Structure formats: C-alpha cells, structure tokens
Amino acid sequence: MERTFQKVEEILKKHEYKKENLIRILLDVQKQYRYLPEDVINYIGVALQLPPAKIYGVGTFYAQFSLKPKGKYTILLCDGTACHMEGSISLLKAIEEELNIKPGEVTKDLVFSVDQVGCLGACALAPAMVINEEVYGNLTPEKVKEIIKKLKEGEKDAQ
Amino acid sequence: MLSNINQAAEFIEKQKGRRKKKLSNLSIYVCVGTGCTAKGAMKVYNEFQRVLEKEGLISSVKLSMLEEKESPLKKTGCCGRCSNGPLVNVLPHGYFYSHVTIDDVQKIVEKTIKHGEPVEELLLVDPATNERVKTLEETSLYKNQNFYIMEDIGKCECDSIEDYMARGGYSSLLKVLSGMTPDQIVDAVKASGLRGRGGGGFPTGLKWEAAKNSKADKKFVVCNGDEGDPGAFMNRTLLERDPHLVLEGMIIAGYTVGAQKAYAYIRAEYPIAIHMFQKAIDDAKKLGLLGENILGTGFSFDVEIKEGAGAFVCGEETALLASIEGKRGMPRPRPPFPAQSGLWGYPTLINNVETYANIPRIIRDGVEKYRQLGVVSSPGTKMFSVTGPLKVTGIIEVQFGTTLRKIIYDICGGLIDGEEFKAVQIGGPSGACLSREFLDMPLDYDTLRSADAMVGSGGIVVITKRTCMVEVARFFLDFTKRESCGKCIPCREGTMQAYTILEKFTQGKATTQDLQNLEFLAKLIKSTSLCGLGKTAPNPIISTLKLFKDEYISHLNGICPSGTCTAFKKYTINQELCKGCGLCARACPQGAITGERGKPYRIDQEKCAKCGLCVEKCKFKAIEIL
Amino acid sequence: MKVFVNDREIELKNGSRNLLEALREAGIEIPNLCYLSETSIYGACRMCLVEIDGKEIVTSCTTKPREGMRIKTNTPQIHELRRGILELLLATHNRDCTTCERNGSCKLQKYAEDFGIRNVRFAQIKKNTKTDRSAPIIRDNSKCILCGDCVRVCEEVQGIGVIDFAYRGFSTQVTPVFETELSKTECVYCGQCVAHCPTAALTFRSDLDRLYQALSSGKTVIGMIAPAVRVAVQEDLSMDSDATMAERLVAFLKMSGFSKVFDVAFAADLVAYEEAHELYERVVNNEKLPLLTSCCPAWVKYVEQFYPKYVENLSTVKSPQQALGTIVKKIYAKKIGINPEDIVLVSFMPCTAKKFEAERQEHLGMVDLVLTTKELSQMIKASGINIKQLTPEPFDKPFGISSQGGLNFGKTGGVFATVVEVIRDEMGIENEEYHDLQPGVKSAVLTLKDGRVLKGLVVFGLANARDIMKKVMEKVLDTNIIEVMACNYGCIGGGGQPYPNDSKVRQTRARILKETASIKAINSPVENYYLQKLYQEEFKDQHTRHMIHTEYKPRKRIESEDIEILPLPKEDKTTVKVCLGTSCYMKGSYRVLSQLVESVKKDSLGDEIEVVGTFCLENCDKSPNVMVNDKLISEATLEKVEEVLKECQITKTESQS
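Protein chains in written order, with numbering that gives the first Met the number 0: chain L, 0 to 158; chain R, 0 to 625; chain C, 0 to 656.
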C-alpha cells in the first residue's frame with residue numbers, strides 16, 4: 000500500500016497540529032486506515048512533539064481505536080464448542096485458501112480480516128461466522144467461499 | 000445576522016407568526032432520530048419528497064426561509080418512541096403514524112394529505128387500551144408524562160433555528176442579555192433547585208456560583224454528553240430533537256460565569272446528535288447568537304464539539320476534561336474542583352446535556368413556575384430511558400416524584416403478556432436494583448439515595464421473574480470492569496475480583512467464603528475508589544445483596560431460582576420418550592451422550608457442557624431441562 | 000497550625016503541600032504507594048486514607064490541612080480498607096519475593112508484612128507478565144502495581160515520557176510505545192524510574208556474576224569508585240555515615256581480589272582541568288557555546304536524541320569514568336607492564352546510565368564492568384564482612400588522590416564548581432555571583448582577571464534542562480556553560496543508589512559528601528600533584544591529550560523500520576530515503592517528500608526509484624536530510640535531490656552500456 004503520509008498530513012493540518020486535538024486526529028486516522036499504524040503514530044509524535052508512548056496510551060484507552068489492521072470486512076469465525084465440533088476448522092481453511100490470511104491478519108488490500116472468536120451465541124446455527132455484524136450460519140467450506148467471492152465482486156464493482 | 004436585542008426580539012415574533020400559520024396548514028413531520036433513521040426514516044423522508052413533488056404539492060426548488068411558501072415536509076427529532084419507528088406526524092390533523100415504510104408513503108399522501116383521513120393501520124396502538132388512536136396526545140403514554148424539556152413532541156423541527164425561535168427559543172438568552180446580571184442568574188438557578196441531571200444530583204446553582212466566583216483570565220463551559228450507559232439515550236434524544244435548547248443553556252452559562260469558550264463533549268457513536276448540534280452551532284453563529292459580540296452586547300462566546308472516542312469513564316467530569324485535552328480519560332482526585340481548576344487549569348463549569356436544557360426554561364418561566372413541577376428537594380422533570388419486556392419502551396419525561404408504578408404501568412402499559420415483574424434496575428451500571436416494594440416510592444434524588452439507589456443518568460430496566468439477579472449483577476460488573484480506567488486499585492482490581500466471584504456464582508462454583516468476600520469487596524470499592532464510576536460500581540452488587548440475598552444463597556445451594564444460569568441446568572433424556580435414534584449423540588460436541596441404537600440414550604453430567612444442541616436435534620422432545 | 004491527630008493536639012507546619020506531607024513532618028507516615036513529593040499528585044493507590052472530623056474518609060495526599068482539623072489516621076475501618084487494597088494488589092502480583100530484586104526493599108512487601116497479611120482472599124488472576132531485559136533498565140510488569148511513579152518521574156522530572164500507561168481497566172500496563180524494547184526507545188537509562196519504583200517492576204541489570212567471573216579468571220582486576228558511591232553504600236549496610244567509607248571500601252575490594260583500587264574523583268579533577276581549558280578556549284574563540292557538560296551519560300544521550308544541533312556543544316572531554324578507564328588501559332597498563340586485555344577494569348557507580356556509557360561504541364574496551372552502589376552493597380553483605388571493622392586503606396597511586404572539587408562531582412554543581420576552581424587558579428577571577436533561579440537551576444556570573452565575563456548555569460533534572468535548552472534555542476538565555484546532571488541533586492541521586500532514593504535521602508547524601516570533601520587537603524585540581532605529573536609526563540600536547548576526548552553525534556530517537564512509500568521490487572533500483580525525524584520534519588522534509596513522490600510519478604520513474612521514509616538519518620543539524628542510495632544530501636531541496644538522482648541514472652546507464 001502506498002503511504003506517503005499525505006493523508007496524515009491533511010488530518011494534522013485539519014486539526015491545526017494541536018496536541019489537544021490528538022483524539023480527533025486519531026479518530027480520523029482510524030477512519031482512514033481502519034487502525035492506528037505504528038509508523039503513523041510515530042509520525043504524529045514527531046509532528047505534534049508528543050512522546051509516542053503518550054499517543055499509544057490514548058490509542059489503547061478508547062474503544063474506537065484499533066491497534067491492529069482490520070479489514071473493511073471483518074470476519075469473525077466462531078470457534079466456540081458447538082461450532083468447533085461442527086467443523087469450524089474446515090471453514091477457517093476455506094477462508095485461508097480464499098484470502099490467503101491467517102486469523103488475526105488482514106489482506107494486503109485491507110479489504111478482509113479474519114479473527115477467531117469464542118462463542119458468538121449462535122450455537123443453533125453452528126458452524127457460524129459474523130461479517131460486519133451480519134450472522135451467517137449452517138456454513139460449509141463451499142458456502143464460505145461463495146460468500147467471500149460475492150463480497151470480493153462487490154468490491155471490484157465499487158471500484 | 001441579528002445585530003442587537005431588539006432586532007432579535009422582532010425576529011422571534013415574526014417566526015412565531017409563521018409557525019402558527021404553519022401548524023394550522025399541512026405539515027408532515029418525519030422523525031429522523033437515531034432509532035427511526037436506523038429503521039429507514041430517511042428513505043421515508045425522501046420518498047415523501049419524491050411523491051409530494053410528483054403530485055405537485057411541493058416544488059423541487061429549495062425554498063429559502065424568507066419566502067412565505069415553504070415545504071410542508073419537515074424533519075423532527077426523536078419522539079422517544081423508537082420501538083415504533085419510523086414515525087410520521089401529519090398536521091394539522093395530528094395523525095401519528097408508526098412503523099412507516101416507503102410503501103406506505105403513497106397511501107398517506109392519498110388518504111391523509113389529499114383527503115384528510117387517517118390511514119388506520121398505521122396509527123399508534125395505545126398500550127393501555129390496545130386500541131389504535133389517531134393522535135399521540137390521546138395516548139395514555141402521552142397523557143401521563145410531563146413534557147417540559149421535550150416540548151412539542153413530533154412537531155418541532157430539529158434542524159431549524161427559526162422553528163426553535165418560533166417556539167420561544169432564545170427568548171431566555173435575550174432576557175438574560177438585556178437585563179440580568181450574572182449574580183441574578185446564579186440566584187435564579189439556585190432558587191430553582193435545579194440539580195445535576197448527569198447522575199449525582201449536585202445543586203447546579205452552587206456549581207455556577209463557584210465557577211462565576213473563580214478569578215481567572217480564561218474560563219470554560221463544558222457540556223457533558225458522554226452518555227455511555229448501555230440502553231440509555233436521553234442525551235442523544237435531546238441533542239437530536241432540540242439542539243438549540245442545550246446550546247441556549249450553554250450560552251447563558253457562559254455569560255453567567257464569564258467564559259469565552261465552551262466544549263460540547265459528545266460520543267463519536269452519536270453521529271446524528273453531533274451533526275444536529277454542529278448545525279445548531281453554525282446556525283446560531285450565522286444569526287449572531289453565538290460568536291463575537293453577541294447581539295452587540297460585547298459578550299463573545301464560542302462553542303466547539305469534541306467527540307468522545309468510546310470510554311464510559313469519560314462521563315466522569317475530570318476524566319472528560321482530560322479527554323477534551325486529548326489525553327487518556329483518567330479521572331483525577333478532587334479537590335481541586337473543575338470550577339476552580341478544570342480545563343488546562345482554568346475554572347471550568349461542567350454540566351450534563353439535560354441540565355443545560357433546563358436553564359432556558361427556568362429563565363423563561365421563572366423560579367416559581369418551574370418549581371411547580373417535581374418535588375421540593377428535586378424540582379423539575381427528568382427524562383428516563385425505559386427498557387425491558389414492556390409494552391412500550393423508549394424515552395419518557397416525567398416530573399420528579401412520579402412513582403415507578405406510574406412509569407411502568409400507566410405510561411409504558413405494563414409488562415408484555417406472560418411476563419411477571421420482579422425488579423427494576425435504575426441508574427445504569429452504577430445504579431441499583433429495586434424490588435416490588437419500591438414500586439410506589441416517588442422517584443427523586445433523595446428518596447432514591449435513601450434506598451441505596453440513584454437517579455443516575457436515568458436508565459430504567461425492568462427485570463422479570465425469569466431473570467436471575469446474580470446474573471444481573473454479573474452483567475453490570477462485566478460492564479464496569481471493562482470500562483474501569485485502571486487508575487485506582489479498588490476499581491481496577493476490585494471490579495475484576497467482584498466479577499470473578501459473581502461468575503463463580505453463576506457457574507455454581509461459589510462458596511460461603513465467596514459471599515463474604517463479595518460483600519467486603521463491594522464495601523471496599525464503594526468507600527475507597529477515586530471517582531464516581533468506581534464509587535458506584537458495586538451498587539448492583541450491594542442492592543441485589545440487600546434485596547435478593549436469597550437468590551445468592553440459592554446459588555450456593557446449587558439452584559438458580561429463575562433458571563437463567565445455564566450451569567445449574569441439568570439435561571436429561573426422558574427414557575420413555577427416547578427412541579434411541581442417536582441423533583443427539585452425534586450432535587453432542589462433548590461426546591457426553593452415549594447409548595445403544597434403538598435403546599434410550601443417557602447424558603453423562605460430568606461431560607455435558609449444557610450447550611443445548613441435543614435439544615435442537617431431538618425430534619421426539621425427549622431431552623428435558625431441569 | 001493546631002490540629003488533632005488521633006485525639007492528640009499537635010502542631011503542623013504551615014504551608015504543607017498536603018496532609019500526608021504535614022503528618023510526615025510531624026512523624027506520622029501514612030501508608031501510601033503512589034505518592035511522590037517530586038511529582039504531581041496522582042491519588043490512585045487509595046492507601047493514604049484518613050478520617051476527617053469523624054465523618055468522611057479521604058485520601059491525605061489530596062487533602063489540605065486546616066486549623067482545628069480532627070484527623071484519625073488508623074481507625075479499625077481504615078485498617079480494614081488498607082488491608083483490602085493490599086490484598087487486591089497481592090492477588091495479581093508476582094509474589095516470588097525470595098528471588099526478587101527488591102526483596103527487603105520493596106514497599107509492597109513491607110506493607111504486606113506491616114499489615115500481617117498471611118492469606119490473600121482474592122483470586123490470583125493472570126496479568127500481563129512481559130519482561131524486557133534489552134537495556135540496563137529492566138522492566139517486569141508482573142511486579143508492577145501501576146502506581147504511575149515511573150510514568151510521572153519520566154515525564155515530569157525527566158521530560159521524556161518513554162513509558163506511559165496503555166490499555167485500560169484490569170489490562171492497564173505501563174509500557175513504551177507499541178511495547179517496544181526499552182533499548183529501542185528514547186530512554187536515557189537515568190534510572191529515575193528505578194529509583195522511585197516501589198516494587199521490582201523497574202530494576203537495573205545486575206552484573207555481579209560477571210564480576211565474580213572476572214575475579215576467578217586470573218586477570219588483573221582493577222576497581223574504581225565514584226564519589227557518590229561512598230556516601231550512600233552505608234544506607235544498605237545499616238551503618239552511619241563515615242568520612243573514611245571510601246577507604247574501607249578500598250580495603251574490602253582488596254580483600255575480595257582486586258589488585259588496585261583507584262578513585263574516580265582523581266579523574267574528575269582531570270576532567271575539570273581539561274574542561275576548564277576547553278571552556279576558556281571556546282569563549283575566546285566564541286564558538287560552540289554554551290558548552291554543555293558531558294559527564295552525565297543520560298544527559299549526553301538526551302542531547303544526542305532531542306537536541307542534535309547542540310551535539311557539538313557538548314564538552315568533548317570524556318566523563319570521569321571513561322577518562323580514568325582510558326588512562327588505566329592506555330597509560331597505566333603500559334607502566335605496570337600488563338597487556339590491557341588482561342586487565343578487567345571495574346567501575347563502581349551510583350548510576351545505571353554508566354552501564355550504557357561503558358558499552359557505547361566509542362568507549363568499548365576501556366571500562367569492562369560497571370557496578371552500581373546497590374551491587375557493591377550486595378557484594379559486601381554476601382561476604383559477611385563487617386566493613387565498619389576494617390582498617391581503612393588508601394586508594395592506589397597514581398590515581399588515588401583528588402581535590403575537594405573532584406569529590407564534589409558526586410553532586411549537582413560539582414563539575415561547574417571545580418571548573419571554576421581551575422579557572423580561578425589559572426586565569427584568575429575578580430568577582431563571582433551566584434543565584435538560585437528555581438529548584439534545580441542555579442546561575443553564576445564570573446568576572447575574570449582578563450575582564451571577560453563568564454556565565455554559567457547548573458541544572459539538575461532533564462525536564463529543567465529541557466526548559467533551559469528551549470531558552471537557549473530561542474536565544475533568550477545568555478550563558479557560556481551549562482552543567483546538567485540528569486538526576487535530581489546530581490549523581491548521589493543516581494538510579495543505582497540504595498532504596499529509598501528520594502529527595503530527603505539525597506539531601507542527606509549531599510551533606511555527607513560535602514563533609515567528606517571538606518576534609519580533603521587540596522581545593523583545586525591544579526594542586527593535585529599526580530594530576531600535574533600526568534600532564535607533565537603524558538599529556539604534553541594536544542595530540543596526547545586527545546585520548547581523553549571523544550565525539551558525539553545525533554542519535555536516532557525512533558528505532559523503527561523504514562517505511563516504504565513507493566515500494567519497488569527491482570534489483571537495480573535507486574533508493575531515496577527521506578528523513579521524517581523531528582528536526583527534518585520541522586525543517587519541511589515532508590514537503591520535499593511529497594514533491595519527490597509527485598515528480599517521480601510525473602516522470603514515470605516509478606520502476607526505477609524507490610522512495611522510503613525513515614525516522615532519522617542522524618544528521619539533524621543539517622536538516623532536512625535525504626539519502627540517495629548511500630549519498631547523504633544535507634539541507635535537501637527537491638532540486639538538490641533531483642540533481643543527485645540524475646547523476647545516479649547516468650552512472651547506471653553507463654555501467655549498463
């Protein structure tokens with residue numbers, strides 16, 4: 000991904016390079032990158048003359064910020080007892096094959112990220128996953144691939 | 000741009016006339032609060048726009064505000080009935096439609112707008128009678144409330160400063176600027192008996208006085224809109240439906256204490272509230288009611304929105320101030336109080352959204368009239384957010400001294416069929432649980448405190464017999480432990496430990512010693528925590544231990560009386576009904592079910608994880624839960 | 000004012016910061032775990048509870064004393080609450096007390112004992128237990144009680160803020176940004192966090208094992224003792240102060256296998272003598288002023304990181320530790336006919352940053368091992384020797400004697416005062432004036448015999464230094480020399496000193512050091528016979544003296560990877576690195592970067608030129624900096640960069656053809 004800090008500079012400028020606007024700056028960075036990248040935090044530290052540890056402290060305090068990249072589509076794959084027994088591992092394999100990422104990772108184009116989570120409370124639909132708050136249940140590896148492919152196509156069309 | 004008080008007064012009179020005319024003519028108010036918007040209110044609004052244009056009822060050219068003829072289609076703010084949204088109010092008839100979809104729009108235009116007849120199937124159902132009523136005002140829901148802060152439900156334009164002024168808005172500001180000294184205002188606020196609506200109920204007048212008397216070359220006014228209680232959204236409602244009311248209160252506060260700048264701290268999770276409030280600020284600036292040299296009086300005042308980034312603790316005033324400064328929202332010890340040393344060390348007046356909204360009313364109506372609402376120690380009204388298995392849920396406004404019974408049964412129509420009342424949880428995560436005996440207790444700051452409860456921000460959750468009180472306590476501690484800022488030891492460590500003990504209870508692993516430890520922890524956290532969040536965090540424990548100790552004891556003895564805690568459930572196979580098909584055994588993730596084909600199967604209780612999958616699979620309803 | 004404490008009337012001093020300090024003055028120490036007189040009030044531990052006027056229970060750190068106040072400091076209720084708080088802490092604390100660095104000096108351990116806690120009622124819930132041993136300062140979060148003392152000291156007293164709180168609630172931790180290792184941060188290893196940490200969450204690296212290895216290796220082990228060590232080591236040995244402590248330590252070290260023990264104060268004389276001349280020269284030539292002292296390694300790293308433009312203002316004279324190290328290894332070794340490689344030179348220091356200093360590239364091979372006062376006292380305790388009963392032995396010649404000034408290097412103002420002594424003797428002083436400007440900052444104005452006026456500042460605490468440097472940069476402060484000691488009160492308050500290590504103890508150490516110094520027979524390095532002999536025999540000219548000088552250069556603050564801006568997989572690419580560090584950023588490096596990216600795109604050179612952002616090229620005084628392949632372009636502009644790029648393209652095409 001191209002990162003010239005152009006966006007960060009725009010954000011900093013919008014908020015007048017003021018320390019008191021740190022939270023707003025980070026909110027905008029979060030919106031832009033969907034997380035707070037380490038080099039961006041360092042860059043903001045340089046620009047605002049704030050210790051990076053301080054910015055990190057703010058970034059980890061508020062729920063709106065994420066320190067790890069998240070995709071535009073965050074796939075939460077349930078690995079609770081019920082889903083596990085119903086074969087959530089095979090779903091994970093399908094996702095890995097389709098997107099080439101492991102749990103906790105995000106695709107290079109930042110469109111998809113995958114996380115394994117404990118029970119989603121959808122045991123009756125096991126195995127289940129949630130993509131951006133939408134629950135998909137009674138899944139098979141094929142179904143999973145199909146869902147992801149559809150989202151991918153939607154992305155292409157959007158571009 | 001209004002350049003002096005007289006001009007402004009004339010402007011208000013003119014707007015009043017226009018509104019009167021408007022209300023007697025056709026106007027369609029579409030609620031665009033968060034609840035209705037989530038349910039598609041904007042689509043409905045756009046559909047109205049499209050249909051009305053097509054029918055030639057409005058022109059697509061945007062009409063300027065000075066033109067006599069204006070669009071009958073309006074946006075109104077939250078009506079408090081989000082569960083019924085999207086809501087549409089059609090004047091002059093006052094037909095109040097609920098659950099409106101885009102498919103209904105044509106129907107409404109045909110029947111109501113063209114022929115003045117109601118669309119029966121869209122009318123509101125009065126929960127008291129279960130019958131459809133034509134107007135909102137006819138419902139028991141409406142009649143039993145005391146709309147004072149939330150005036151003009153369903154017929155105020157949330158995005159129009161002219162409409163606000165037409166409803167008498169900014170008259171209080173004019174009154175203050177044209178003839179009241181800061182001391183007189185402080186005296187009025189003190190005499191009104193107004194108490195902080197954010198939770199503690201501290202007398203507002205004393206805060207104002209302290210901030211006014213602090214000597215400094217800079218002062219700040221802060222509006223606390225960091226409403227974070229799960230399920231409570233009074234502040235959001237207020238900011239969305241009548242942002243100018245809050246803004247006017249803030250401007251009066253700025254004039255009184257001698258501040259030049261104000262911050263409105265609103266959660267980033269409230270985009271519509273932020274949008275509405277920003278528009279209010281911009282419009283007020285355009286009219287000269289905000290900014291440099293307001294109405295030529297020499298008083299300058301600016302308001303800026305600061306978005307909260309998701310931390311419940313920022314509702315605590317010192318944490319909120321830290322957050323405005325761009326820091327971690329960690330509270331600091333008081334004294335010094337913000338009125339002496341707040342933002343960047345300058346005197347800062349900080350009040351809740353709803354508190355500011357009361358100010359223009361007090362100035363408008365005078366102390367005596369204001370005090371006619373409510374009780375002596377807690378004058379005025381309070382907005383509450385009511386949730387739970389009730390016929391009606393949402394935002395309500397009642398005067399202080401109203402009983403829970405009136406709220407639950409008269410306003411909200413009682414519990415939905417089949418549910419039985421057990422308790423209410425009032426005041427959010429820092430609040431307390433009250434049992435049936437408290438239904439007739441008048442709700443006000445002091446009476447609630449005497450019952451170890453608090454008004455808090457005003458969340459009311461109704462709990463039924465099917466809910467376990469230990470689980471309720473666990474739920475709230477789970478919330479507070481996650482939202483603890485982590486600064487002081489009792490809150491950071493104590494809430495985690497208390498949560499752990501409560502979890503043991505719900506899992507059936509608690510001992511008598513745990514019960515003692517829980518009692519001690521609650522006392523420790525309450526009496527030693529640094530800030531309000533910590534001090535009130537054990538309230539759900541304290542109140543449930545006081546009123547529902549028997550449920551705790553039952554858990555010690557292996558029983559969850561309400562049957563909520565899954566750990567106490569015992570899954571067994573009815574040997575008579577089981578056909579021995581083995582479906583359940585194959586479904587069981589734990590391999591806890593064994594048996595021989597054709598013969599009744601059995602569940603090994605040691606292995607059973609109580610997931611309930613077997614129940615789903617069994618075609619013969621042979622699996623029983625004890 | 001009169002107050003009633005536990006029903007007894009007592010008199011409190013007026014103007015106390017809070018009830019906690021007022022009662023402390025009156026002899027009552029209210030238990031506390033997060034209160035520091037040196038920093039802002041945090042109010043988080045909730046241990047310092049007192050009952051006021053029979054009503055409310057409040058924290059004494061946030062309460063002001065008031066005439067007639069009725070205070071109860073230890074009611075059964077307060078006792079119960081304090082105990083509860085301690086149990087909460089202990090429940091999640093790593094309780095490996097017997098093998099803990101702070102065994103016996105831990106405040107939490109002490110309170111656990113004082114309150115008789117034998118059983119912790121609460122669950123032992125796992126917390127983050129990350130330890131970081133990458134630097135001389137060691138962080139162990141399993142011991143952290145989140146009192147924030149380190150955070151406040153680092154930010155408020157030292158003006159750095161390397162560590163701060165991250166996350167919230169039960170997951171709250173103290174950590175550098177992104178949990179980076181300390182060795183890759185801006186930490187200057189001053190150890191003030193260690194000095195104020197109530198537990199072992201922050202400690203320093205112990206090198207005692209390496210000492211015992213050296214002693215059994217058959218090599219010649221030579222020791223050297225810094226001034227501040229001798230006035231603090233007795234604290235750990237339950238002894239009174241003693242003017243001959245240094246000489247007893249010499250005896251002890253000799254008994255332990257050291258063949259020689261020298262006095263670092265001798266090297267202090269050397270440094271002061273050399274620096275006085277350096278200062279005079281710079282003043283005469285009006286260059287590189289103000290001179291910044293370089294005895295304190297934490298301060299040196301601070302300047303390298305935060306004031307790269309002023310790196311050349313640092314005195315080039317090595318610190319006493321490194322100067323003595325150099326003359327031992329380069330001169331003394333030859334004299335006694337031992338290969339320097341067969342000598343293990345061990346320096347006893349009050350300081351954690353000295354461990355880092357000895358390991359700096361430019362100093363390698365001089366001082367082999369740096370041990371703190373704490374490590375020395377541990378050694379003494381383990382030996383079982385009661386050093387009070389030892390007969391004092393003198394330091395070894397030729398580096399065994401010093402002036403009063405040399406010894407005073409151990410406390411704030413010592414370097415400056417000794418430099419002044421040399422100037423007095425060599426150049427002559429007509430008049431001198433001293434002023435206290437603020438806590439931690441003193442000023443001096445000297446009128447020399449030749450009519451020149453010399454202005455000096457003496458500063459401790461890096462936050463104070465930061466304020467002074469700001470004024471220097473804004474050119475509103477006129478001074479010729481600034482002595483900076485990173486730690487409050489100077490080296491006696493170093494991070495390697497015994498616990499407690501607060502202002503009160505430091506003031507006592509300063510008094511003892513002054514007394515110990517005042518019985519020295521000579522005032523000035525000029526009178527130091529062995530020093531003068533060294534100059535006559537070894538340091539005849541500038542060239543030979545060069546060995547006790549060194550050089551500094553700007554240092555990277557952020558050790559992060561380069562950031563790919565226009566990434567390129569091709570092999571024969573041209574890499575352009577644009578510095579985005581503070582100095583370069585302030586000087587508009589971002590503008591250069593964006594222009595460059597645009598120009599690369601415009602000329603469609605995207606396949607050949609890779610653009611990279613980096614957080615410091617360590618050439619800050621000539622910012623903005625851009626590096627094209629390995630060619631550094633200072634004060635870069637787009638034109639300059641393009642010119643160099645063109646050259647690169649030409650050479651590439653030439654080599655291809």
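Note that these hints are calculated values from the structure, not bench results. Careful, some of the hints might be misleading.
[Unchecked claim] Residues of chain R placed beyond 10 Å of chain L at every Cβ, according to the derived structure:
1. 5
2. 306
3. 310
4. 612
[Stated by the list, open to error] Covered stretches of chain R, as calculated for chain C (at least 3 residues, CB under 8 Å):
5. 522-532
6. 575-589
All values reported here derive from a predicted model rather than from experimental measurement. Using N, Cα and C, we set each Cβ at its ideal position, and we do this for glycine too.
Against the structure, the hints:
1. Distance check on residue 5 of chain R: its Cβ is at least 38 Å (rounded) from any Cβ of chain L, clearing the 10 Å threshold; non-interface status holds.
2. Annotated as non-interface, residue 306 of chain R brings its C-beta within 10 Å of a C-beta of chain L; the closest such distance is 6 Å.
3. The Cβ of residue 310 of chain R does not lie farther than 10 Å from every Cβ of chain L; its closest approach is about 5 Å, which violates its non-interface assignment.
4. Residue placement check: residue 612 of chain R does not keep its beta carbon more than 10 Å from all beta carbons of chain L (closest about 6 Å).
5. Residues of the segment 522-532 of chain R lying with their CB closer than 8 Å to a CB of chain C number 5, which satisfies the three-residue condition for coverage.
6. With 0 residues bearing a CB less than 8 Å from a CB of chain C, the segment 575-589 of chain R misses the requirement of three and the coverage assertion fails.
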